[in-house]
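> Sequence:
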Amino acid sequence: MAFTPGLAFHILTPLYDGLNAALGFGRPFMQRVQAALALHGHETVLDIGSGTGTLLAALAARHPAAHLAGLDADGRMLARARTKLDAAPRVLLLQAYAQALPFRSAAFDVVVSTLIFHHLPTPVKRMALAEVRRVLKPGGRFLLADFGKPQSATQRILLHAGSLFDGRENMQANLTGMMPALLVEAGFRVTEAATAYRAVQFLQAVNDEGK
1 MAFTPGLAFH
11 ILTPLYDGLN
21 AALGFGRPFM
31 QRVQAALALH
41 GHETVLDIGS
51 GTGTLLAALA
61 ARHPAAHLAG
71 LDADGRMLAR
81 ARTKLDAAPR
91 VLLLQAYAQA
101 LPFRSAAFDV
111 VVSTLIFHHL
121 PTPVKRMALA
131 EVRRVLKPGG
141 RFLLADFGKP
151 QSATQRILLH
161 AGSLFDGREN
171 MQANLTGMMP
181 ALLVEAGFRV
191 TEAATAYRAV
201 QFLQAVNDEG
211 K
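So the sequence shown is numbered by this note's numbering: it starts at 1 and just counts up by one.
If you're looking for bench data, these hints aren't it; they were derived computationally from the structure.
Label pairs and their in silico Cβ distance ranges:
#1 GLN172 / PRO64: 39 to 47 Å
#2 HIS40 / ARG104: 20 to 28 Å
#3 GLU192 / ALA130: 15 to 23 Å
As the structure is a computational prediction, the values presented were derived from the model and not from experiment.
Ideal Cβ placement from N, Cα and C applies to all residues, glycine included.
Work out the full structure, taking the sequences as your base and the hints as a guide.
Now the structure itself:
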């Protein structure tokens, strides 16, 4: 299956962490994600689109008793993540797609995805959300941190410019504010929706199935 690399082009993969930081999605952003996750320390956690492993490395350092897994479609990203996570050998890394998660049902307490869903066409978003719900335990939480509907003229210009690289169809659901509705359609209960960091919307959702 085809996928869009994190920075649109494979040649930019070695620059991923530096460019992310320059664009404002470095340590402060990851700290905001960790705060939103509010882990207790013993959960089983899946990071979808784990990239170079920045979030997983931070979670492993902060919550050594947590059971962490990450997956990414990009083998180049995973290679960099494995280097970054050398000190955390218990973190499981797999190459796979969000719409076909290689895990049993009800395997995780928490699933998180940051800045990945805007790369996916809307039909694939729906498939991926169904998979997230499948692998979450009853009562499990999903944190989706991704671009939402622009809240200012500046955000509108920047996000529409970004859609030239990621594909307008891929970003349509994000830019039109459809992501909360897609979560509900997939069977989640959305408990929080806020533009918490620049143009990034933090959506907290719960899998109430079987509770």
